[in-house]
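Enquirer: Spelled out from the first residue to the last, the chains are:
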Amino acid sequence: MTNVPAHRPVFCPIVPPHLLESLARHEDPEVHVPARYTLELDAVHRTRRRIGAPVAVESAVAEAVADRPNRTIYDAGHEQTLPGAEVRAEGAGPVKDQPVNHAYDGLGATFEFYLKAYRRHSVDGRGLPLNASVHYGQGYNNAFWDGRQMVFGDGDGRIFQDFTGSVDVIGHELTHGVTQYSANLQYFGQSGALNESVSDVFGSIIKQYALGQTADQADWLIGADVLAPGIHGVALRSMKAPGTAYDDPALGKDPQPATMDGYVSTSQDNGGVHINSGIPNHAFYLVAATLGGHSWERAGQIWYDTLTGGRLASDADFADFARATAAAAHARYGDGEEHQAVLKAWSQVGVAASAALPRQAAPEGAPSSSQG
Amino acid sequence: MRIAVTRTGGFAGITRRAELDTTGRHDEARLRSLAVAALSDGRPDRPAGVPDGFDYELEVDGIKAYCADPHLSAPQRELISRVLGERA
Numbered sequence: 001m002t003n004v005p006a007h008r009p010v011f012c013p014i015v016p017p018h019l020l021e022s023l024a025r026h027e028d029p030e031v032h033v034p035a036r037y038t039l040e041l042d043a044v045h046r047t048r049r050r051i052g053a054p055v056a057v058e059s060a061v062a063e064a065v066a067d068r069p070n071r072t073i074y075d076a077g078h079e080q081t082l083p084g085a086e087v088r089a090e091g092a093g094p095v096k097d098q099p100v101n102h103a104y105d106g107l108g109a110t111f112e113f114y115l116k117a118y119r120r121h122s123v124d125g126r127g128l129p130l131n132a133s134v135h136y137g138q139g140y141n142n143a144f145w146d147g148r149q150m151v152f153g154d155g156d157g158r159i160f161q162d163f164t165g166s167v168d169v170i171g172h173e174l175t176h177g178v179t180q181y182s183a184n185l186q187y188f189g190q191s192g193a194l195n196e197s198v199s200d201v202f203g204s205i206i207k208q209y210a211l212g213q214t215a216d217q218a219d220w221l222i223g224a225d226v227l228a229p230g231i232h233g234v235a236l237r238s239m240k241a242p243g244t245a246y247d248d249p250a251l252g253k254d255p256q257p258a259t260m261d262g263y264v265s266t267s268q269d270n271g272g273v274h275i276n277s278g279i280p281n282h283a284f285y286l287v288a289a290t291l292g293g294h295s296w297e298r299a300g301q302i303w304y305d306t307l308t309g310g311r312l313a314s315d316a317d318f319a320d321f322a323r324a325t326a327a328a329a330h331a332r333y334g335d336g337e338e339h340q341a342v343l344k345a346w347s348q349v350g351v352a353a354s355a356a357l358p359r360q361a362a363p364e365g366a367p368s369s370s371q372g
Numbered sequence: 001m002r003i004a005v006t007r008t009g010g011f012a013g014i015t016r017r018a019e020l021d022t023t024g025r026h027d028e029a030r031l032r033s034l035a036v037a038a039l040s041d042g043r044p045d046r047p048a049g050v051p052d053g054f055d056y057e058l059e060v061d062g063i064k065a066y067c068a069d070p071h072l073s074a075p076q077r078e079l080i081s082r083v084l085g086e087r088a
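Protein chains in written order, with the working numbering: chain A, 1 to 372; chain B, 1 to 88.
Because the hints were derived from the structure by calculation, they are not lab data. Among the hints, erroneous ones may be present.
In silico SDA-like links for lysine to any residue, alpha-carbon gap of 25 Å or less [to be verified]: (1) K253(A) x R17(B); (2) K344(A) x A319(A); (3) K253(A) x G85(B); (4) K64(B) x A319(A); (5) K64(B) x S265(A); (6) K253(A) x T6(B); (7) K253(A) x E19(B); (8) K253(A) x L84(B); (9) K253(A) x T15(B); (10) K253(A) x A228(A).
Full structure from sequences and hints, please.
Expert: Structure (C-alpha cells):
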C-alpha cells in the first residue's frame with residue numbers, strides 16, 4: 001500500500017521542519033496547505049527572533065500581564081474529543097470531582113513557580129490562559145501536551161492511576177508549553193530527549209518548590225504518584241539514578257541510561273526521547289546536588305537561562321545543550337563553582353561541554369559579564 | 001488476517017505491542033473492516049507526534065501505517081483499543 005491517503009495530518013508547532021517541508025510538497029491540499037501555513041508562520045517567528053524584538057517585547061508585555069493564572073478545566077467525559085465540557089473556571093471554588101481540583105491546583109502551582117522563581121508569566125511569558133482536560137478516554141494511561149492545552153487520562157487503575165495526582169506530571173506537561181514558546185526543541189532524537197529532559201527537570205523542581213525541599217531532600221523521581229499499587233517500582237523515571245525507577249512484569253524494566261555509554265538508538269518513541277532523556281536528566285541532578293540548596297535557584301536558573309536565552313537551536317543535540325548550559329552558567333555567575341559544576345556534570349555523563357567558551361551575550365535579566 | 005498494534009511514546013515511554021489473528025473470531029468481520037479503514041486513515045511514515053502523545057504502528061498482513069494521538073480516526077481508535085485490549 002504505497003498511496004495510503006493521509007486524512008489526518010498532525011500539525012502542531014513542534015513538527016520538525018524537514019517533515020514540514022516534505023508535507024508542504026505533498027500533492028494532497030489537505031496535507032500541504034496547513035504545512036505551508038505553518039512554515040510561513042515559522043519563518044515570521046524566526047525573523048522576529050533574529051531582529052531581537054521578542055526579549056524587549058516580552059518584558060514590556062510581562063509588566064502589563066497580571067500576576068495571576070487564568071485557568072479553565074474541562075471534562076472530556078471519557079471521550080477523546082478536546083477540550084470537553086467546562087467544569088471549573090478561574091476563581092471558581094472546588095467541585096466534587098477531585099481530578100478537576102487536582103488539575104486546577106497543579107496548574108496554579110506551576111504558574112506560581114514560574115512567576116516567583118523566574119518572573120515568567122505563564123508558559124508563553126505573556127499570561128497565556130492555562131487549559132486542561134481531565135477524564136480523557138477510557139482508562140487512558142497517559143497525559144500529554146497537545147500544543148495548546150494539557151490532557152489527562154484516568155489511568156486504567158491496574159498499571160497507572162489518575163495522572164492529575166502528581167504535581168511533577170503537571171509541571172512536566174506545562175513545561176512542554178514553556179519549551180514550545182522558547183527554545184522550541186524539536187521533538188525527535190537528541191533535541192527531543194532534551195525537550196523531555198527539560199520537562200522532567202522543571203517538573204521535579206516544581207514539586208521541590210511546592211514542598212520547600214532542598215536538592216538533598218528531594219526524591220528526584222518523576223511520576224511517583226501515578227503508578228498503581230502493586231506495581232514494582234517507585235516511579236516512572238529517576239533523575240538521581242536513571243534506569244532504576246521500576247522493574248515489573250507488566251511494565252518491563254526502566255530503560256533509561258544515565259550516561260552516553262548507555263545511549264539507545266531507536267526509531268520508536270520519536271527516537272527514544274523518553275529513554276535518552278535520562279542522560280541530561282542525570283547531568284542536571286549532578287549540578288543541583290553539587291551546588292546544594294534549592295535546585296531552582298542556581299541549577300534551575302542556569303537551565304532556565306539556557307532554555308529561554310534565545311541562543312539554543314531548536315535542533316540542538318546534547319553537546320550543544322551542554323555547551324549552552326556552561327555558557328549560561330558563566331554568563332550569570334562567572335567562572336565560579338556553578339560553571340565548574342556544570343562542566344563536571346556533563347563530563348560525568350559523557351557529554352563534552354568544555355569546548356572553547358563561546359562569547360555569549362548575557363541572558364535576559366543577567367548581569368553582563370563579558371562586554372560590560 | 002493478522003493485525004498487530006505497537007504503541008510507543010507516552011509520558012511513561014513504555015512500548016506495548018499486541019497481535020491477533022482474526023480467523024474464526026466472533027468479531028472477525030468487524031475487525032477486518034476496522035483494519036482496512038484504520039490503515040487507509042493512517043500515514044506511510046511515522047507522524048511527528050505531540051509531546052508525550054502515544055504513537056501507533058498498525059500492521060495488517062504485513063502492511064504498515066502510522067498514526068498518533070490525539071489525531072486518531074474513529075476506526076483507528078477502535079481497532080487499537082480492541083487489539084491492545086486483548087492484553088489489558
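Enquirer: Does each hint hold? Answer for all of them.
Expert: Hints, one by one, checked against the model:
1. K253(A) x R17(B): holds (16 Å)
2. K344(A) x A319(A): holds (13 Å)
3. K253(A) x G85(B): holds (21 Å)
4. K64(B) x A319(A): violated (35 Å)
5. K64(B) x S265(A): holds (21 Å)
6. K253(A) x T6(B): Given pair K253(A), T6(B) holds - Cα atoms ~18 Å apart, limit 25 Å.
7. K253(A) x E19(B): Given that 25 Å is the threshold and the Cα spacing comes to 22 Å, the pair holds.
8. K253(A) x L84(B): holds (20 Å)
9. K253(A) x T15(B): Holds - the C-alpha atoms of T15(B) and K253(A) are around 11 Å apart, at most 25 Å.
10. K253(A) x A228(A): Holds. K253(A) to A228(A) sits at ~16 Å (cutoff 25 Å).
The structure is inconsistent with hint 4 alone, although it conforms to all the rest.
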